[in-house]
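S.K.: Assemble chain G onto chain A, guided by the hints.
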Amino acid sequence: MKYLIIGNSAAAIGAAEAIRKNDKGNPVIIISDEPHRVYSRPLISYLLAGLVTEDRMYYRDENFYKDNNIETIFDKRVTGVDVKKRQALLEDKKRIDYDRLLIATGGTPFVPPIKGKERKNVYTFTKWKDAENIIKLTTTPPFTKEGRGGIKKAVVIGAGMIGIKAVEGLHAVGVDVTVVELASEVLSRALDKDASRIVQRRMEDAGIEVITSNEVIEITGRGDLASGVVLRDKKKIKCDLVIIAIGVIPNTGFLKESGIKINRGIVVDEKMETNIKGVYAAGDVAEALNIITGEKMPIPIWPLAQRQGAIAGDNMSGGDSVYKGGFPMNSIEFPGVPTISMGITDPRGEGYESFIKNDSANGNYKRIILKDNKIVGAILVGDDIDRAGILTGLIKEQTPVTAFKDKLLDRNFGFVHLPKDLRKEKLEKMV
Amino acid sequence: MKIVYPKEEVCMACRLCEVACITEHSRSKDTIKAYKKEKPAPLSRTLVEEIFPGLSVSVNCRHCSDAPCIEACITGAMHRKPDGRVVVNEYKCVGCWMCVMACPFGAIKRNQYKIEGQGARGKGQGLKIKLSSKCDLCPDRSIPACVEACPNRVMAYEERN
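Chains A and G are the protein sequences, given in the same order.
The first sequence begins at 1 in my numbering and counts up by one.
The second sequence begins at 432 in my numbering and counts up by one.
Heads up, a few of these hints could be off.
Covered stretches of chain G (in silico footprint by chain A; criterion: 3 or more residues with CB under 8 Å from a CB of chain A, positions within the stretch not fixed) [to be verified]: (1) 433 to 440; (2) 457 to 465; (3) 505 to 517; (4) 539 to 547; (5) 576 to 586.
Source of the hints: derived by calculation from the structure; they are not laboratory data.
The structure displayed is predicted, hence computed values, not measured ones.
Just so it is clear, CB atoms sit at the ideal spot from N, CA and C, and this is done for glycine as well.
If we strip away everything but chain A, and leave its shape as in the complex, we get (with noise of 0.2 Å):
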């Protein structure tokens, strides 16, 4: 039995874990196309912010695969899978054999056909490289009358999860950022117009200039270099550096000749196993079961991808566990302004009761959404994040919450505001 592992991130490394909880023995081979060992991308933000070193990027400690006896292969891109001779095939024309394949690839940015997109000083922000290449923008002096490096101006494109770190990381190291989102508002799909204001308030009073309801139709630039960027209204600002941070999309493309069966992201059943047996795929790849809407869709998350990863690989290496499925969520902080977000934020359509508490002033927003009786969704901006998880448990365990939906609001609410039944059952019981 040998086990290979395409991807290198939360999904792969659930799933290696898991694997070697079964089997100590038999080859496990992680194949990564960047040259690190397992890093946190999440942190690339902190990264550029400069909060955190190098060293504490890594999610595993520097032993991890040796202690776990796993194989690397890094530095190098997959070009494609032979399902019949049960191989992948590496950039460099060699062929890894596998019994079974886990495809944890995440997500690849989705650049949008700009004029000017390949221009230099522009780039996306999801790895390692990109904050590495921003960062050596940032801290080399200028050179040239163009001035490279130095830089004091960027735009960032797209005002979602990445490009709210990216302008955040811009922004703590003194460059001056406009922000700039086709939507009406920043964080659009991960919060509601009244919380997403609290957000952009925020971020203009940080000097941020947040340009919402508008698109960038083309990167301007002095020779190959951007210096620039027009709006769809004309207008134009100058810029240094321009980030794509629109969103990511599954990275599949070299599955497209495999026969692995792929939709929006891959398909996979509760097992998290493909249309081809032995093959697998996890994390923000993968298209799984959103219990809140029943439908099944990527949602590229952290933790959805180290759970399912962690299923995938227990599946593989003989055990027998069920992907309940999951829900988007998401904790995003601009300094000064936590939000923690979940499930249905923008309820749309029939049968939906939100239980709103807005208090802007204050920077503090909570919104219930509940359908049926039971809670589908959260925003929660400012000190009503502190037990945002008590939400989580609800949604996730789909708990009719009748008893108790007036104290939902509440400043304090929790344990105490559930029925005893539950609260005993939930507070007294080995968990």
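M.R.: Frame of chain A; chain G shown alone:
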């Protein structure tokens, strides 16, 4: 494994468990110094929830066998010790609050304070530290401080099924 279980019927909301927890997790291990002098002041890792009068219960980490906080942690800071305890490696924690979002018991607190100093790349005075803070079952003691401090023996440190 042994963890701390509360019994709401006998809880008096005296919050001595919180006091004991703060003291135990202070540098001086002295209540008055911990409250009045230590900066940052330690947080209690157990929280007495209360509806006055009559109902109160002390809630802390269940050290779940399948811990959502560990899978949510983006840095690997939240981890399980060989003895089963779920604890935070403060060197790795960046205060992203993913664990706060994930913990179904709301048992993880945000510990935030400012220190003098510089960021990794020499930026900024008065650095803001953000750390997750949670029950570690008092590794230096045979019985957790909250259990020992409870005057009404509400808190049980034991193994249950």
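S.K.: Are at least 3 residues of the segment 576 to 586 of chain G within less than 8 Å of chain A when you compare beta carbons?
M.R.: violated (count 0)
S.K.: Count the residues of the segment 433 to 440 of chain G with a beta-carbon closer than 8 Å to any beta-carbon of chain A: does the count reach three?
M.R.: holds (count 5)
S.K.: Do at least three Cβ atoms from the segment 457 to 465 of chain G come closer than 8 Å to Cβ atoms of chain A?
M.R.: violated (count 0)
S.K.: Can the segment 539 to 547 of chain G be counted as covered by chain A under the rule of three residues or more with Cβ-Cβ separation shorter than 8 Å?
M.R.: Our answer is that it holds, as 3 residues pass the Cβ test (under 8 Å) against chain A, meeting three.
S.K.: Would you say the segment 505 to 517 of chain G counts as covered by chain A, given the rule of at least 3 residues with C-beta under 8 Å?
M.R.: holds (count 3)
Violated hints, in rising order: 2 and 5; the structure is consistent with all others.
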